[in-house]
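**Q** Below, each chain spelled out in residue letters.
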Amino acid sequence: MTRRSLLGAGLSLTFIGKAQADRYDRVAVVDWAMFETLLALNVVPVAATELVQFRKISIEPSVPPQVADLGLRGSPNFEMLQLANPDLIVSSPWFAWARGNLERIASVASYTIYEPGRPPYAAAEEVTKALGERLGRAEPASAYVDASLTEIETARRTLSERNARPVYLINLGDARHFRAFGADSMFGDVLTRLGFTNAWSKPTSYAAAAPVPLEALAEVPEASIAIVSPIPSDAQSTLAQSPLWRALPSVREGRVSVIAPVNPFGALPAARRFARLLTEAFSGNGKPIHG
Amino acid sequence: MVDALTQRPSTWAGILAVAMALGLCAYQVLNLLPLSGAQGFDLNRILLFNSVLPRAAVALLAGAALGLSGALLQQVLRNPIADPSTLGIASGAQLAMTTATLFAPALMDTSREVVALAGGLGVVALLLALAWKRGLEPVTVVLAGMVVSLIAMALSATLILANGEYMMSLLIWGSGSLTQQGWDHVQAIATTLALSLVAAFLLARPLAIVSLDDASAKSLGVNLLWLRLLALAIAVWLATTVTAEIGIIGFIGLAAPTFARLFGARGQKDTLIAAPLIGAVLLWLTDGLVQLAAGGSAEMVPTGAATALLGGPLLLYLLPRLRFLRRSPASLPPASERRITRPVLPLITLLLLALITIALALIIGRGPDGWSLAAGSLLDALLPFRAPRILTAAAAGAMLAAAGTILQRMTGNPIASPEVLGVSAGAGVGLAALLFALSAPGMGERLLGATAGVAVVLVALLAIAQRQEDNSERLLLGGLAAGAFCNALVNAAMITGDARAFQLLAWISGSTSQVGWTEAWIVLAVAMVLLGLLPLLTRWLAVLPLGSGQARALGLPLRASQTILILFAAGLTAAASLVVGPLSLVGLVAPHMARLLGFGQVRQHLLASILIGAGLMTGADWLSRIVTFPYQLPLGLFASLIGGPYLVWLLHRNR
Numbered sequence: 098m099t100r101r102s103l104l105g106a107g108l109s110l111t112f113i114g115k116a117q118a119d120r121y122d123r124v125a126v127v128d129w130a131m132f133e134t135l136l137a138l139n140v141v142p143v144a145a146t147e148l149v150q151f152r153k154i155s156i157e158p159s160v161p162p163q164v165a166d167l168g169l170r171g172s173p174n175f176e177m178l179q180l181a182n183p184d185l186i187v188s189s190p191w192f193a194w195a196r197g198n199l200e201r202i203a204s205v206a207s208y209t210i211y212e213p214g215r216p217p218y219a220a221a222e223e224v225t226k227a228l229g230e231r232l233g234r235a236e237p238a239s240a241y242v243d244a245s246l247t248e249i250e251t252a253r254r255t256l257s258e259r260n261a262r263p264v265y266l267i268n269l270g271d272a273r274h275f276r277a278f279g280a281d282s283m284f285g286d287v288l289t290r291l292g293f294t295n296a297w298s299k300p301t302s303y304a305a306a307a308p309v310p311l312e313a314l315a316e317v318p319e320a321s322i323a324i325v326s327p328i329p330s331d332a333q334s335t336l337a338q339s340p341l342w343r344a345l346p347s348v349r350e351g352r353v354s355v356i357a358p359v360n361p362f363g364a365l366p367a368a369r370r371f372a373r374l375l376t377e378a379f380s381g382n383g384k385p386i387h388g
Numbered sequence: 026m027v028d029a030l031t032q033r034p035s036t037w038a039g040i041l042a043v044a045m046a047l048g049l050c051a052y053q054v055l056n057l058l059p060l061s062g063a064q065g066f067d068l069n070r071i072l073l074f075n076s077v078l079p080r081a082a083v084a085l086l087a088g089a090a091l092g093l094s095g096a097l098l099q100q101v102l103r104n105p106i107a108d109p110s111t112l113g114i115a116s117g118a119q120l121a122m123t124t125a126t127l128f129a130p131a132l133m134d135t136s137r138e139v140v141a142l143a144g145g146l147g148v149v150a151l152l153l154a155l156a157w158k159r160g161l162e163p164v165t166v167v168l169a170g171m172v173v174s175l176i177a178m179a180l181s182a183t184l185i186l187a188n189g190e191y192m193m194s195l196l197i198w199g200s201g202s203l204t205q206q207g208w209d210h211v212q213a214i215a216t217t218l219a220l221s222l223v224a225a226f227l228l229a230r231p232l233a234i235v236s237l238d239d240a241s242a243k244s245l246g247v248n249l250l251w252l253r254l255l256a257l258a259i260a261v262w263l264a265t266t267v268t269a270e271i272g273i274i275g276f277i278g279l280a281a282p283t284f285a286r287l288f289g290a291r292g293q294k295d296t297l298i299a300a301p302l303i304g305a306v307l308l309w310l311t312d313g314l315v316q317l318a319a320g321g322s323a324e325m326v327p328t329g330a331a332t333a334l335l336g337g338p339l340l341l342y343l344l345p346r347l348r349f350l351r352r353s354p355a356s357l358p359p360a361s362e363r364r365i366t367r368p369v370l371p372l373i374t375l376l377l378l379a380l381i382t383i384a385l386a387l388i389i390g391r392g393p394d395g396w397s398l399a400a401g402s403l404l405d406a407l408l409p410f411r412a413p414r415i416l417t418a419a420a421a422g423a424m425l426a427a428a429g430t431i432l433q434r435m436t437g438n439p440i441a442s443p444e445v446l447g448v449s450a451g452a453g454v455g456l457a458a459l460l461f462a463l464s465a466p467g468m469g470e471r472l473l474g475a476t477a478g479v480a481v482v483l484v485a486l487l488a489i490a491q492r493q494e495d496n497s498e499r500l501l502l503g504g505l506a507a508g509a510f511c512n513a514l515v516n517a518a519m520i521t522g523d524a525r526a527f528q529l530l531a532w533i534s535g536s537t538s539q540v541g542w543t544e545a546w547i548v549l550a551v552a553m554v555l556l557g558l559l560p561l562l563t564r565w566l567a568v569l570p571l572g573s574g575q576a577r578a579l580g581l582p583l584r585a586s587q588t589i590l591i592l593f594a595a596g597l598t599a600a601a602s603l604v605v606g607p608l609s610l611v612g613l614v615a616p617h618m619a620r621l622l623g624f625g626q627v628r629q630h631l632l633a634s635i636l637i638g639a640g641l642m643t644g645a646d647w648l649s650r651i652v653t654f655p656y657q658l659p660l661g662l663f664a665s666l667i668g669g670p671y672l673v674w675l676l677h678r679n680r
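Going line by line, the protein sequences match chains L and U.
Okay, so the first sequence: first residue is 98 according to this note's numbering, each after it adds one.
Okay, so the second sequence: first residue is 26 according to this note's numbering, each after it adds one.
In isolation and in its complexed conformation, chain L is listed as follows (with noise of 0.2 Å):
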């Protein structure tokens, strides 16, 4: 045990940028994000955190039986993780404060996605290249980024006669409040490469505005809503009768969507199940919400 967690200290001081590639067999993750990855690089981690909510919200990729459930991503199971015998860690700067605890078990690469006020999805392309460096697995991983770009690029295509409104890309908090998805969401950076506007244009930090009044929408009137899942069940039911959201230009003239459950702090595949399904709601398949 001493022997690895000193090893496994050491390494973790050399561990980004570093193009050796060593052949890991027992990788493990904490965070969401690189999660995905690895997944979409069909690296099967031996264990990730709250597998349960995983497959509730990001629903895709889905998460093979065989990968050990840690636990809440706010209380990662160190027992558990510990028994799933990593020899390496991917984590992200979310788990900052765990670091000294995952160190002792495995090696730690973590790597960011998420800053404030910067579009993600290029990092997410960084991280995927480097995680694929990383884990002996560089050309699938440039392969996918290619394809993520592809199917981006097509969708835009699709989409090219249809994005001349500006979106709103929102989460419904409650029945009056929402989180509004800015320039440095994984949401709104797609939104971005498939040629619409953001309507939201005020800072947000840690990509969603903290909840705002429901009238905020009524700013730029000419915008469509796109409303990510999931709703509360309370907030559905009011809405449909609440007098400011009817008048609401948008939800009057029809140009409301709901679209299926995304994870907001994703990586590739999150974009790329975004973009798919902004595509669907957009060209008309997608299931409308009338106020």
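The hints are simulated quantities; they were obtained by calculation from the structure and are not laboratory data.
Quick caveat: nothing in here was measured; it's all calculated off a predicted structure.
From the three backbone atoms N, C-alpha and C, an ideal C-beta is built for every residue, glycine too.
Some hints here could point you the wrong way.
Covered by chain U, according to a simulated footprint, are these stretches of chain L (three or more residues, beta-carbon under 8 Å) [what the hints assert, rightly or not]:
#	segment
1	172–178
2	195–202
For the chain L half of the interface with chain U, some residues (derived, Cβ under 8 Å), not all of them [stated by the list, open to error]:
#	residue
3	Asp166
4	Gly270
5	Pro318
6	Ser330
Please arrange chain U on chain L, whose structure you already have, making use of the hints.
**A** Just chain U now, kept in the frame of chain L:
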């Protein structure tokens, strides 16, 4: 009443407040003119009629409802600091609504008010059960309210944490937003308020008789019990309706009746008229200021947090002006039934039990394949994660138990427990500030932030202690005010609903799973030093409860010794709550258990409590690790599962 008002300069303050609130509202309306936009739709008209005006109406009505609720609560309980937030009614409603959101979402859709009312009534019933024996004595009622609301908070946090990000609505709701988009909320609150006002005035005369005293009221043939219960129920209904409709708006219920009295309202009826009016203006004005401050930024600024900013200082201002009822002296659970004369053997037994608990917690665990007894290399592999958290839990339990013993002995109040000092809530504010200032703080930085928060609250407590002579209860209430104030700030910080909010929630619900060796050593070292100094304080603890006269006769520096004891308890609580969160029911329960076992003498009582506290906390930590493996439950959940029922039993038993 009008005469009384016009003769006072405070009338001018009232008129000024109304004028300001009106001005702010007019400003909101003028901002929307002209009503018809150029684009061919009249959005501004819609905003005016469905957002701005209903918001003003809701502020006025909710303020009035809370004011009336506070006035009723204060009269019925004869308690000048009773209000929906200090009594935990709001937290009870929150817990009920969180539970309903998770397990019966349809219920929340159709009957949120009923759910909230059930939660609020539950809390009040519990409070009555807890404090009945002591004649609903104000300090006990409020202390019990604090404890109950902390338990409710921890349970809500557990539920939210276990269900991920999609509990954003509950976070919004917890920080109280007056945002409106129609007249639904206005109608709901107006209906409740109207019915309650009628009922309150029908009850006003009999209530005035109640306030004479119980004996003369009975001789007048008033059915006391039912009258008081009815008035209580109305107050709870008012408060929970507001919480169900718009969220937690703290302290208006406290401030309104207080201002009414300051403005010269004398009788029951005066207060019942003035408090709703003042509450209405107060909330309207606060909300106007909040909207003004929000200005261009679209983000929602929680009005509930702003009213808390008002309430904390108000409580501190009130404390020196309160007159407390003299209590009956027999308050701690009697230890005489079975007094231990030779304490060595029982103490060694307790020590062994605590050690065995710690050892079992180290060895027994669960793995992917079910239960496992760790030994040899498996134990070696797991020890770096188990040992720090178990040691930390034990040390924290020991410190909380010591703090609880000191507080209970010093104040003679059996419900005094460490969290009432407010220092742990201070740690929460420090932690929140740090999480929002740094992008990815490590564990060391988090400890520093929390310590800074604790230090600020300690200084505030010390400032109160300097001004007070011989009233440790006021000190407790000062701590309570600081705590409620800090909790409101933490609630407001959580509204972002992002990862930082979840880290705060994790701390509130109590979690030792993040503790490593560094933190464990720090906590252990602090525990050793502070607990090691305890023997120096035992003489004070033995003498102080006898009363100030006795203490002076024995040559005790009264104020200095009280201050030092409080600081000591605060230090112990702070060190513990940095790692186990603000919920410290172990500190309430352990001293009682020690006493019930027969450890009466101060030194033995302290030692036994410490051992029991260490064992209890270790057990709670073990449960939190085991029950839903690999998902870890918050420590606070089990601490309340141990503490809550005990509390109820304790007060019931005394009857």
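**Q** If a hint holds in the structure, say so; if it does not, say that too.
**A** Status of the hints after comparison with the structure:
1. 172–178: Our answer is that it holds, as 5 residues pass the Cβ test (under 8 Å) against chain U, meeting three.
2. 195–202: holds (count 5)
3. Asp166: 6 Å, holds
4. Gly270: 4 Å, holds
5. Pro318: Since chain U brings a Cβ to about 6 Å from L:Pro318, closer than 8 Å, the hint holds.
6. Ser330: 4 Å, holds
Going down the numbered hints, you'll see the structure goes against none, and every one checks out.
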